[in-house]
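Undergrad: What follows is the residue order along each chain.
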Amino acid sequence: MNVQVPPARTLEVVERNANSMTLSMGPQHPSTHGVLQVIVDVSGEIIERADMEIGYLHTGIEKSAENLFWTQAQTVLERMDYLNPVGNAFCYVMAAEKLLGIGDKIPPRAQQIRVLNAELTRISSHCVWLGTHGIDLGAISAFWYAFNIREKILDLVEGFGGARMHPNYLRIGGVNGDVPDGLLEKLDELIAEFPGRMRELRRLLQNNPIWRDRTIDIGTISAEEALRWSLTGPSLRGSGIAYDVRKAFPYSGYETYEFDVPVRTEGDSYARFLCRLDEMDESMRIIRQVRERLASGPGPVVVDDPKIVAPPKETIAISMEALIHHFKIVSEGFRVPPGDVYQAIESPRGEMAYYVVSNGNNRPYRARTRPPSMYNLQCLKSIAVGNMIADMVVMIGSLDPVFGEVDR
Amino acid sequence: MPSSQTPSIAGYALDPTTVRPPLSDAEILRITPGELRETLVRLREEGCSMLLDVGGVDYLARVPRFDVVYHLLALPAVPASVEEIGTPRRVRVLVGVPGEHPHVPSVTDLWVSADWAEREIYDLFGIVFDGHPNLRRIQMPDDWEGYPLRKDYPLRGPAREATPRPSFALKSNVPAGAPPSGKVAEALRQQIARARGQEK
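These protein sequence lines map, in sequence, to chains A and B. Anchor point for the first sequence: position 73 equals 73 in our numbering, and the numbering is continuous, going up by one each time. Anchor point for the second sequence: position 177 equals 177 in our numbering, and the numbering is continuous, going up by one each time.
There may be inaccurate statements among the hints.
The calculated lysine to aspartate or glutamate pairs, modelled on EDC-like cross-linking and capped at a C-alpha distance of 20 Å, are [claimed, not checked]:
| id | chain 1 | residue 1 | chain 2 | residue 2 |
| --- | --- | --- | --- | --- |
| 1 | A | K328 | A | D304 |
| 2 | B | K151 | A | E66 |
| 3 | A | K98 | B | D15 |
Hint data in this document are derived by calculation from the structure and do not stem from the laboratory.
Let's have the full structure, built from the sequences with the hints guiding it.
TA: This is how it looks when you write it as structure tokens:
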């Protein structure tokens, strides 16, 4: 038996004539960071037109969330942006808390633990971005250095929630338990080690002539264009507009931390790269401040409301009321007063928000996501034109799309 | 023990946006589809330069049935520092859309970023955006029937089984015996023609 197997191709020529060619890049292309198909018209090596096709990873998360209890919906929504699970949950629980009217009753310690988790996830998300962006450009060693940091962070996340990727640690009303024993010491190790690790990363890439050649003046977008394309996060700040939800609409006590918002005015891929690198340092600055506040010892980490937060497991065997509350929350959830709310947070990719509607039932009536990746990715259509086909992967990488969130 | 659930909630709200608790998350405007364009143009001239998001909600029993929700943010169109931005203005525009022949004017000429968001609402709610340059499904397959995020779209059970299946679920697009080459060029050509169909 002799079956001829043609080589698997990720870049297929669809049409060809004397001057130009239509190429289909993806959806299984490794440097599209997921399942993105880009249909490109090239003249020689210059991109004349790019059309994107998305939806290959559509899983109907929003529909699923509508049919789960308020607490269960958090589990599926967390899987949306899989590099920033804590951020998704963070945003959703804050929206639900606002509707429940307990938004200002969250214990400070719970808020600090949330901020700590969110900032740790921001660093680990940027590590994945940096590593894969580096691989796209042939700088493979940066990947190992970046994932070294990420590994340490995932260990901490595992310490909090028991799972590395999707801890499901936040709760509507607080967090699930105080900081575990020994975790702060591990955090101290990371804090001590981090500046050195960042120095290594910067030394590998920041002044690397090949890296600079490949990213400077590639995929440039002006401040005005960035607004037209609704860019947020580092992609917007790379174009000079220092809009950060943590500063503009502070939540969970961000106004009490001291940190800067890195901003560059060049608007090219290199500017976005520098913004994200600086953001990792700023996140660590916040983490150091949270660490100091958490040292003050244990305290309440959930609101005192047994109708919303299930009582501790230990009390169930000895208190009938606790058992009833626990049973009610598990078997039928709780009801949330009717209303709609828009809650935004600063995710590693930009303004991520939930527009949550409740009709008074025990399930969210609608949880519309504002996916920052989707809006950021859209502008590729505009910035790709006039660049070389080889720079397509640079531009996709510098926008940092996560397809779990683009397609949901 | 105090509880946010005392007194308990009486019944379900048909239109939650009218009974919302006093939250200051944005300025809220409720308009009709006819007023949409002039309202958004006016807001943009007032400085709401960024269209953050367009979303849809299906209030099945309400008249009008759908809400299309526009979230706007006022940011300067030039490089600006954190202090210059301060706390920008947030505006939420709610547009009630009838369940029969849902039509809304497109705003893709005002903000290019509305392109995918409007396509997504068309795809998942079946609301048509008049004037959109390329209104077709974005998340679901091109031959999908029904609009999944509508509240009357069955999630599971016999009703879900009885809804028409897309053609790809019934047959493979790879003919038997074909070498495992992934997409054939012809299928790709058709897909690209579809993707650019209304422009060629």
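Undergrad: Measure nothing beyond the straight line between the CA atoms of A:K328 and A:D304; if it is 20 Å or shorter, mark the hint as holding.
TA: Holds, at about 16 Å.
Undergrad: Tell me if the straight-line CA distance from B:K151 to A:E66 falls inside 20 Å.
TA: 9 Å, holds
Undergrad: Between the alpha carbons of A:K98 and B:D15, is the straight-line distance 20 Å or under?
TA: With Cα atoms ~18 Å apart, A:K98 and B:D15 stay inside 20 Å; holds.
Of the hints listed earlier, there is not a single one the structure fails to meet.
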